Structures are given as C-alpha cells and as structure tokens.
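For reference, the chains in residue letters:
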Amino acid sequence: MKKTIMDVLENQQKLDPDITGDMEVIDTEEELIKQCEEMWKDMEECQNKLSLIGTETLTNSNAQLSLLITQVKCLTAELDHWKKRTPEITPMTEDVLVTLGKEEFQQLKCNLEMVVSTIQSKNEKLKEDLEREQQWLDEQQQILESLNVLHSDLKNQVVTFSESRIFNELKAKMLSIKEFKEKLLCTLGEFLDDHFPLPDGTTKKKKKNTQESNAQLVTLNEIIEMLINRMFDVPHDPYVKISDSFWPPYIELLLRYGIALRHPEDPTRIRLEAFHQ
Amino acid sequence: MSVLRPMDKLPDLNRATVLLVGTQDALLQKLAESMLQEQCASELRVHLANSLPLPSNVNRPRIDLIVFVINLHSQYSLRNVEECLSHVDSSFFLGKVCFLATGAGRESHCSVHQNTVIKLAHTYRSPLLFCDLEVESFRVTMAQRLVRMLQICAGHVPGISAVNLLSLLRRSDSPPSKEL
Chain A
8 MKKTIMDVLE NQQKLDPDIT GDMEVIDTEE ELIKQCEEMW KDMEECQNKL
58 SLIGTETLTN SNAQLSLLIT QVKCLTAELD HWKKRTPEIT PMTEDVLVTL
108 GKEEFQQLKC NLEMVVSTIQ SKNEKLKEDL EREQQWLDEQ QQILESLNVL
158 HSDLKNQVVT FSESRIFNEL KAKMLSIKEF KEKLLCTLGE FLDDHFPLPD
208 GTTKKKKKNT QESNAQLVTL NEIIEMLINR MFDVPHDPYV KISDSFWPPY
258 IELLLRYGIA LRHPEDPTRI RLEAFHQ
Chain B
1156 MSVLRPMDKL PDLNRATVLL VGTQDALLQK LAESMLQEQC ASELRVHLAN
1206 SLPLPSNVNR PRIDLIVFVI NLHSQYSLRN VEECLSHVDS SFFLGKVCFL
1256 ATGAGRESHC SVHQNTVIKL AHTYRSPLLF CDLEVESFRV TMAQRLVRML
1306 QICAGHVPGI SAVNLLSLLR RSDSPPSKEL
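Protein sequence lines correspond, in order, to chains A and B. Going by the working numbering, the letters in the first sequence line up with residues 8 to 284, in that order. Going by the working numbering, the letters in the second sequence line up with residues 1156 to 1335, in that order.
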C-alpha cells in the first residue's frame, strides 16, 4: 500500500508541470508527449494495483485508530518520497527553456503592469487627496487669519470702549448739549429783547411819572430768569414777590398767558407755571 | 460499487471533481454555484447528492473531495451524514473528506450541538468547517476555500498532497476530552 501511494504521488507530481507544458516547437513537443505517455502508462499501472486493494469502510468505533495508523503510514511514505526525490526538471532543451522563460516573463510583465497601474491610480488618488487637503488647509488658515484680525480688532475696540472712548463721547455730547443750550438761551434772549423791550419812549413817560416814580425797571428776560431760579432753588416755595422793578404790563402778560400764576392768598406774589412737571 | 473509493478511476486531464453531500438541496445548489464562479486554473466539476451510496449505473469522474454538509438545525441531516460515512472507503479520509457545519449562527434554532459535530469530525480525523451558507458573503468565502482544498486534493497544486494539507488543517487544540 505504501508503495502504491508513493507511486501515485510521484506520478501526480510529475504530471503537473507537463499539463501546462504545451510546447510549440515540434521536436520538443514530441519528446514531451512521449514523456507524458510514459507517465500515463505508469499511472495506469498504479491504478490497476490500487483497484486490486479491497475497500475498507469505517465505523465510529474503529475509525480513529485505523485512520491515525494509515495517516502515519502515508505521511512517512510521503516524507520518504520527498527525501529520495531529486527534483526533476523539464527537459533542458533550449526551446523549452526559452518558451517557459517567455511565459514566465509574460506573466511577470502582466503582474507588474497591473501593479504599476494600481500604484499609479493610487498615486493619483493620493495626489487629489493631498490637493484637497491642502486647499482645505489653506481655507482653514485664511479663516484663522481673518478670525485673528477680527479678534484683535474687537480686543482694541473693547479697550477703548471701556475707557477713553466712552469718556470722550460723553464729553463731546455734553459739549454739544451745552452749546445747544447756550444757543437756545441766546436766541430766546434775543427774541425777548427784540419783542419785549423795556418801556422807554415819550408815550410811556407820562405813566411812569405818575405810577413808578424811581424804581429801576428790569427786563422781561430777567423777570423770567428770576422766576425760574426761584422755582429750582426753592422748589417748596417758588413764589416771588412782585417788586416795583417789575413792569406791570409784563406781569399782566405773564399771568394772562399762563406763564406765571398768582399766589392764591397773597396777590403780591407770583410763581412760574410748573412746565417741567 | 456501493463503496466510494478515491482512486478507483484514472484522473481526467486538469479536472477536479467535488461531491457535496447534504439533505438541503437548495443550499447545496447555491454553494455549488458559488464554487463554480470562483476563478480557478482547474476545470471544476461539482456533484450533488442527498446521501450515499451513489447510484452505480451512472458514469461519473473520479471524485477528489467529498464535503459533508451538516445542518445544525436538523437532527436528520446529521444522521444522514453519519449513515453516509459507512459508504466511504477509509482511504478517502486521508484528507479528501471534510465536514461543513452550517447554521451555527442562529443558536436558538440549533437542534444539533456543535460538540457533536466536532466529535464526529475528530473521530474521522477530517477537517470541520463552520459556515452559515445562507449568508452570501460567507458562502462565497467558503466556496473559495473549498475550491483551494479541491485543487490540492485533485493533485493540481505541486508540492502539497491531501494528507499533507490534512496534517496542516488539524485543530491545534486537543479535542474535548470528556467524550473520549
């Protein structure tokens, strides 16, 4: 049994390289065919021997042991075979070698071409990736830069905002308000001066002589100022005593147009209407 | 001849034949299709059988590899395989037989314990492969693996024999000792 298995193995392994060895050159081809036929004869012989061996089936109980024994036999046979075997090469004719070499190279070339193309495509893909990443990086850097600029701007703004800027702005506002107030006062004063002058003239002198003998008259402007000051200085008692220096027509004017009010109990005192409340 | 023998016929040129034995026709069919789709230098032949012995009147090529497919969801499939084993010559078990257990993924459906199959494979000193044949990707991978094994068993791979492969495929861990 050992022998036959060995033979079979040998034949199988011999057969293999020659199955593919379809040679083009005629004389070597014939030689190869001859070799193959010899091998085939060998195989047939082995086959005959094998068919003589009876069959042996296994049951669960005996399977392990007998299988192990046959396995050992086979493996030792194979080992022996490998030890004895001198690697048999295909006939060393030039044609065969050249053809085989050509085939081998062709195969190698095919494989290498495939490798090259895959590597190229991979490279391209990597390049694209790199470009995309680079672009992305640039964009990110730009964003970072602009953000940085924005950040520093904001920082400066915050600093000036908290200190000098607000101060300056308030100052400016105050100044403009003050100016405006000044202007208002001036125009009001001018208006009063223009339209409510002090009585001097021939027509009024007669009255003056009779009623207000010696008192120095004050302008309407001054009267109003007095009333205003009194109102804001002494808010709980804003009444001003009517003195001789007030020209009575003006007092009448103030009272009539509701700018001033008379004290409910003391007719000699007036106050400014509370416009600000 | 009722008993299958590995070397009872001369090999055909560059042809490798596998015999898939199992009770589920549809699964075997799918596995066979997957195997035939594999790129392979040898000319593949896939034979399917529900059980052994095979009918003797049919002219069939030499069988290089027998794959017993056991469905873990069915006790019947296990018993069927066990019965089949008695119709296989002992020299087949020198690397030309392998067991394929399917359905281990859905444990709730299993009526055959994995250990039973492991024990069976161990008794017959043959490799045991697990694969859920219902899942296509698994089936394709398994088909690839089986094609490689088949090529070796048919002697189409120089330098390695079926016995050789068997000794390489052996489970490194010792089998569960409790049932020995």
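No lab work stands behind these hints: they were computed from the structure. Small disclaimer: the values here were computed from a predicted structure and weren't measured. Beta carbons are placed, not taken as given, at the ideal position from N, Cα and C, and that holds for glycine. Careful, some of the hints might be misleading.
[As the list claims (entries may be wrong)] Short derived list, chain A residues pointing at chain B, Cβ under 8 Å:
1) T64
2) L72
3) L74
4) L75
[Stated by the list, open to error] Using C-beta positions, here's what the derived DEER-type ranges look like:
5) E146/A x S1263/B: 48 to 56 Å
6) G61/A x N1214/B: 19 to 27 Å
7) P1313/B x K80/A: 45 to 53 Å
8) S1211/B x K41/A: 46 to 54 Å
9) K90/A x L1203/B: 17 to 25 Å
[As the list claims (entries may be wrong)] Below, in silico cross-link-like pairs of lysine-lysine (BS3-like), each with a Cα-Cα straight-line distance of 30 Å or less:
10) K80/A x K1185/B
11) K41/A x K1164/B
12) K48/A x K1164/B
13) K41/A x K134/A
Going down the list of hints, with the structure as the test:
| no. | hint | verdict |
| --- | --- | --- |
| 1 | T64 | holds, 5 Å |
| 2 | L72 | violated, 10 Å |
| 3 | L74 | holds, 4 Å |
| 4 | L75 | holds, 7 Å |
| 5 | E146/A x S1263/B: 48 to 56 Å | holds, 54 Å |
| 6 | G61/A x N1214/B: 19 to 27 Å | holds, 23 Å |
| 7 | P1313/B x K80/A: 45 to 53 Å | violated, 23 Å |
| 8 | S1211/B x K41/A: 46 to 54 Å | violated, 37 Å |
| 9 | K90/A x L1203/B: 17 to 25 Å | violated, 41 Å |
| 10 | K80/A x K1185/B | violated, 37 Å |
| 11 | K41/A x K1164/B | holds, 22 Å |
| 12 | K48/A x K1164/B | holds, 14 Å |
| 13 | K41/A x K134/A | violated, 57 Å |
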